[in-house]
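**Q** Letter by letter, the chains look like this.
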Amino acid sequence: MSGTRFEYEPFPDLDLPLAARLGQFPRQPDLFLDTARALGRRAAAGFFRLQFRIEVVGAAPDLPRLALMPNHQSHLDTMAILAALPERYRRRITVLAARDYFFERAPGALAANLFGQAVAFDRGAELAELRRWARLLPEIREGWFLLYPSGSRKRLEPHAGLAGVLARSGWPVVPVALAGTADAWPVGHALWRPFRRIRVTFGEPLADATARRLPAELLAFWEAHGRLDRIAEGDAP
Amino acid sequence: MGTEELASDPLRFYTVATVVTVVVASGLLALLKLPGAWIPLRTWFVILPIALGAMWLGQGAWTVLVAIVSILAFKEFARVTGLYRQPLFVFLVYGAVVAENVFAFVGRYDVFMAIPTWAVLALALVPIVLRRTEGMLQWFALSIVGVVFYAYFLAHLSYLYASSLGLGYLLFVLLMTQLNDALQFIYGKAFGRHRWTPISPNKTIEGSLLAGATIILLTFLQAPIAFPSVPPLGVLAAGLIVTIGGQVGDLTMANVKRNAGVKDFGTILPGHGGLTDRLNSLMVTAPAFAHFMGYLFGGFPT
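Chains A and B, in that order, give the protein sequences. Mapping to our numbering: the first sequence position 86 is 86, numbers consecutive. Positions in the second sequence are counted from 1; adding 237 to them yields our numbering.
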């Protein structure tokens, strides 16, 4: 007897709790979450534009894959960049966010994933995580990543880390400078201050961005175009 | 509230009975210190208020709950089998779930019965529209399982609410099916020696028979409240439908899991697995009971 047997291919994340599923990359197709994310990012960007006066300088290049690398000073940074981009670019973005901060519990993971397009990056196991991404990145043909090379709102200087892995994997790196977000929602404050002015500056893709030179080049761009408020040590995380 | 008043209102009766059962079960667990039994019981503390709360709110709330739960349960099935990678098939099954529940809500039995036909015909169009053959028989077949079990069968829970004889039918089949599952597990753990099927190795002859006997006894005890006009033979049949039908549903979905090589359909219900792991018995008992009662004893819109 000839014929084709049914072959079942269960989704690999069946056993994962919701927070872990939301944080995984590559994402598994999910009609509910994909739809919710499309609505969530539009709603968040619209709300952000109502709350703040946003000024965009330059433009992100229309490349199939690239990595946006902004300075990090506030919880508003991701929303500012998403609001500064048109929807056709915004939808391509995957934001890398700390697993220990955003993806430990379902409510936080839902907010980060649905409104901020975030997936989890495991800072606790950085070396293993970097190896995983180093294997993954060359296979990805399309998509934009947004990550903060400084790793924290309290740190100013970028470090190579995943940014270096992206650069080594041949991903075009676009520096982004944010100004005003630290004033609009300072570290340690429970709520944001509406109607502040925020400026988002997109740079040209860094030519030959080697992992070693990348931190210095990013820092130079941020210092030239962003108001870099150094956060006092001892402030809230 | 007097006993007679309680007996004349199935929703009140079953709400009180459920609270008493849960309290007694919690006490027994604390006493016996059964390992691993607290987690599923804690999940019941969430499931039961949601289900009974929706019934207290009314037919609309109950129907919406059944539709949402059916869609989420089918999503689990589609993720386990891989069907979820075929969005057109999945959308059509979701559409069938919504349509079945809408027409159960408005009491259009003719349309309720016709929807599976239209849904399967719509599914048959998918390979033609996509102009594809590879894997299509598998996706088509799995989608039909979705339409039948998750749209048509589960929507009988919405349809049972529409009975002019009150909520007794619905509450009986809902709560006794779940109790049957729990009793099989408990009796099986306590007295089970002989396994009777490789599809679900935890099932034992002792667990199944003792659960069946208990359910039939309980069916006779609650018959005056759940379905007062049904004669003893009908009551016996109702008990058998719940206990045998529950096992058929359980084993049907266990078969899907064995074929796909997974343990549970999901993780949304701690201690139980996925929604399908909790609903699999109801997928068979709800339609079997509804049609048995409807055909012999009436009470439903036609």
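Everything labelled a hint here was simulated from the structure, so no lab data went into it. Incorrect hints may appear among the rest.
[As the list claims (entries may be wrong)] Ranges between beta-carbon positions, derived for each pair:
id	chain 1	residue 1	chain 2	residue 2	range
1	A	E7	B	L458	45 to 53 Å
2	A	L31	B	G290	39 to 47 Å
3	B	A427	A	L18	46 to 54 Å
4	A	Q24	B	L266	50 to 58 Å
5	A	L18	B	K270	27 to 35 Å
6	B	V366	A	E9	28 to 36 Å
7	A	P86	B	I436	30 to 38 Å
8	A	R212	B	G372	58 to 66 Å
[Claimed, not checked] Going by beta-carbon spacing under 8 Å, a handful of chain B positions derived as facing chain A:
id	residue
9	L266
10	R316
11	R322
12	L325
13	T370
14	M373
15	A497
[To be verified] Far from chain B, by Cβ distances over 10 Å, these chain A residues were calculated:
id	residue
16	D15
17	P17
18	P29
19	D30
20	G40
21	R92
22	K154
23	R168
24	A216
25	A220
On a predicted model such as this, the values are computed, not experimentally measured, just so you know. Note that CB positions come from ideal geometry on N, CA and C, so glycine has one too.
**Q** Does each hint hold? Answer for all of them.
**A** Hint-by-hint comparison with the structure:
no.	hint	in the structure
1	A/E7 x B/L458: 45 to 53 Å	holds (48 Å)
2	A/L31 x B/G290: 39 to 47 Å	violated (27 Å)
3	B/A427 x A/L18: 46 to 54 Å	violated (34 Å)
4	A/Q24 x B/L266: 50 to 58 Å	violated (35 Å)
5	A/L18 x B/K270: 27 to 35 Å	holds (31 Å)
6	B/V366 x A/E9: 28 to 36 Å	violated (23 Å)
7	A/P86 x B/I436: 30 to 38 Å	violated (54 Å)
8	A/R212 x B/G372: 58 to 66 Å	violated (48 Å)
9	L266	violated (25 Å)
10	R316	holds (4 Å)
11	R322	holds (6 Å)
12	L325	violated (11 Å)
13	T370	violated (10 Å)
14	M373	violated (11 Å)
15	A497	holds (4 Å)
16	D15	violated (6 Å)
17	P17	violated (6 Å)
18	P29	violated (6 Å)
19	D30	violated (8 Å)
20	G40	holds (19 Å)
21	R92	holds (20 Å)
22	K154	holds (35 Å)
23	R168	holds (32 Å)
24	A216	holds (45 Å)
25	A220	holds (45 Å)
Hints 2, 3, 4, 6, 7, 8, 9, 12, 13, 14, 16, 17, 18 and 19, counting from the list given before, are not met by this structure.
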